[in-house]
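Residue numbers (the working numbering), protein chains in the order written: chain C, 1 to 371; chain D, 1 to 132.
Possibly wrong hints are sitting among the right ones.
Here are the computed lysine to any residue pairs in the SDA-like style, where the Cα-Cα straight-line distance is at most 25 Å [said to hold, decoys possible]:
id, chain 1, residue 1, chain 2, residue 2
1, D, K126, C, L154
2, C, K183, D, E73
3, C, K183, D, V130
4, D, K46, C, K183
5, C, K274, C, T346
6, D, K126, C, A178
7, D, K26, C, H138
8, C, K156, D, E100
9, C, K329, C, G342
10, C, K274, C, I299
11, C, K198, D, E100
12, D, K103, C, I194
13, C, K114, C, S80
14, C, K274, C, K183
15, C, K102, C, Y78
16, C, K180, C, G318
17, D, K26, C, L154
18, C, K203, C, G272
19, C, K193, D, A65
Keep in mind the hints are simulated off the structure, nothing from the lab.
Chain by chain, the residues run as shown.
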Amino acid sequence: MIKIKQALFLIFGITSFIIFYIGILNYITTEDKNIGMVILVFSAIVSSGTFFATFYISNNLTKPIELLARRMSEFSKYNSIRKNGLDDKGIQELYSLNKNFKEMTRKVGDALEKEKQLNQELKEIDSKKTEFMSMISHELKTPLMPIKGYVQLLQKQEMMGQLNEKQLDAINEISISAKKLEKLIQDVLMAQKIDLGKLSVEKDIIESKILVENAYKAFVPACEENGVKLMMSVTASDKVYSDSDRIAEVFSNLICNALAFLPEKDATLEIGTKDNSNFVTFYVKDNGVGMSDDQQQNIFKKFYQVDTSSKRKKEGSGLGLAICEGIVKALGGKMWVQSKLGKGTTFYFDLPKAKIPIQQFRSVKAKNSRN
Amino acid sequence: MFTKSKTEPAKPLEVLIIDDNEQITKMISSFLDMSNHECTVVNDGKEGLELIKTNQFDSIILDLAMPEFDGYEILNTLSKEDPDQLSKVIILTASSIPIETVKKFKELGISSCLQKPVDIDQLLSKITSVAE
Ligand SMILES: Nc1ncnc2c1ncn2[C@@H]1O[C@H](COP(=O)(O)OP(=O)(O)OP(=O)(O)O)[C@@H](O)[C@H]1O
Ligand SMILES: [Mg+2]
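Produce the entire structure from the sequences given, and follow the hints as far as they go.
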């Protein structure tokens, strides 16, 4: 690429040469040597003037432009101009252009610095929040330990002595409340972890069929007890790369929800998988009360519950689905719902299929990069 | 001192409980007493470490967060001075432990990491399993 300076020298050089050349030609060809001499001298003056003008313009035009270019590249690299003290020279317009640019970089630099500080502060607040949550978690769970322990002990009548019916009833009530409290604390902490992106997952290659079977086995007794027909339908046999404990949590949340909204009569519940190109789709389908489109919009939000007024047989905090969605997202999948009022509800979630396990992939990559 | 019921394990175990929370140590120790095991309780990390060094326990229930000398420091010292003891340790904590830390515990030979509030039957089965 040609530089302005080179272009200037080329143009003005040739121009001055041509002027001087015309002067000489004129001198040789003209009869009146006196006039020829005058023209020659004049052309020499003009051409050397042109030449000096070239120097002058190159200094005052190209140098400030070069300086501006250098400042721009410096600024884009370091967010500030290093040699800020360098003198600005050159023609008026370029001089003020440079000066204004310098002023602008100073302001932008200050703003960037402020943003950096703000980010730092936000990070500190975030870590304080995490610290606070783990402190709260600790302080809430600790007193629950003796409560839960003594309730269990009192229920072991061979150890603590026989209780009469009223005492037994009382202790059972305490036990139920303590369990609810424990679940609430766990759910709040879980939702917090998901919000902070701190949910840890332990992935492994698992057969999708086994995940469904585990959920099925876990809920056979509860379904029998409630007169619910539980079915299993596994069409995908693919393996997923996922966390079986977390998936069990998701299934448990979805099935508990479904159980709470099933009809008294002919209640059916189906869990299973469907094949999908890169994912295995899991689902939990019920023929319960269903939800309107409006309600479906909100159910994944924290603490949201559809108010089914007096018919509501379920209590809870409205965290279950938010947690489910958080888990599925952390496992690289997504979750959605299909439902119609009075017709039933199906919850779906996708989990990525296992191709090559990540570790193997990493070690292959590491080997390749070493060779 | 105690009349053994038939369902209890034949051999009473020596269990050390290290936890700064007195209500928790009291509850666990009375449960273990009733289950015919021998319990030693300390509410201070430093004392706990001394007891581990000077006695033979079948099982050690260890809290992690304690003022001054905490569970991590006990684990650190044991891993340097007496790593065989680590297989007897059952961690019982109210803090959530990241997976990486659980893995590190496993590498040290600690197989049990329980969350408060623990189910006491689950605690007892861990105690008997690490004592074997
Ligand atoms: N299978 C279902 N059929 C009908 N409504 C449902 C179903 N599953 C969830 N819902 C609605 O979505 C709401 C939110 O569910 P979510 O699991 O988040 O909270 P919850 O079950 O009320 O409480 P928690 O799960 O925290 O104990 C429920 O309160 C209910 O109104
Ligand atoms: Mg729920």
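Structure-based check of all given hints:
1. At most 25 Å may separate the alpha-carbon atoms for a hinted pair to count; K126/D and L154/C meet this at roughly 21 Å.
2. At most 25 Å may separate the alpha-carbon atoms for a hinted pair to count; K183/C and E73/D exceed this at roughly 31 Å.
3. Between K183/C and V130/D, the direct Cα distance comes to roughly 28 Å. Violation of the 25 Å bound is thereby established for this hinted pair.
4. This hinted pair does not check out: K46/D and K183/C have alpha carbons roughly 34 Å apart, beyond 25 Å.
5. A threshold of 25 Å between alpha carbons decides the hint, and for K274/C with T346/C the separation of about 13 Å falls inside it, so the pair holds.
6. Under the criterion of a C-alpha separation no larger than 25 Å, the hint pairing K126/D with A178/C is consistent with the structure, at around 23 Å.
7. Taking the CA atoms of K26/D and H138/C, the gap is near 19 Å; set against the 25 Å cutoff, the hint holds.
8. At roughly 37 Å between alpha-carbon atoms, K156/C and E100/D are farther apart than 25 Å, so this suggested pair is violated.
9. Taken as a hint, the K329/C and G342/C pair is broken in the structure, with Cα atoms around 29 Å apart against an allowance of 25 Å.
10. For the proposed pair K274/C and I299/C, the alpha carbon gap of about 23 Å is at most 25 Å, so the pair holds.
11. About 13 Å separates the Cα atoms of K198/C and E100/D, which keeps this hinted pair within 25 Å; it holds.
12. Restraint check for K103/D and I194/C: the C-alpha separation of about 21 Å stays at or below 25 Å, so the hint holds.
13. Restraint check: the Cα-Cα separation between K114/C and S80/C comes to about 14 Å, which is no more than 25 Å; the hinted pair holds.
14. Simply put, K274/C and K183/C have alpha-carbon atoms about 31 Å apart, too far for the 25 Å limit, and the pair is violated.
15. Straight-line distance between C-alpha atoms of K102/C and Y78/C comes to about 14 Å, which keeps the hinted pair within the 25 Å bound.
16. Among the hinted pairs, K180/C with G318/C is consistent with the structure: their alpha-carbon atoms are about 13 Å apart, no more than 25 Å.
17. The hinted pair formed by K26/D and L154/C meets the criterion: a straight-line CA distance of about 15 Å does not exceed 25 Å.
18. Our distance criterion of 25 Å between C-alpha atoms is met by K203/C and G272/C, whose separation comes to about 21 Å.
19. Between the alpha carbons of K193/C and A65/D the distance comes to roughly 20 Å, so the proposed pair stays at or under 25 Å and holds.
The earlier numbered hints that this structure contradicts are 2, 3, 4, 8, 9, 14.
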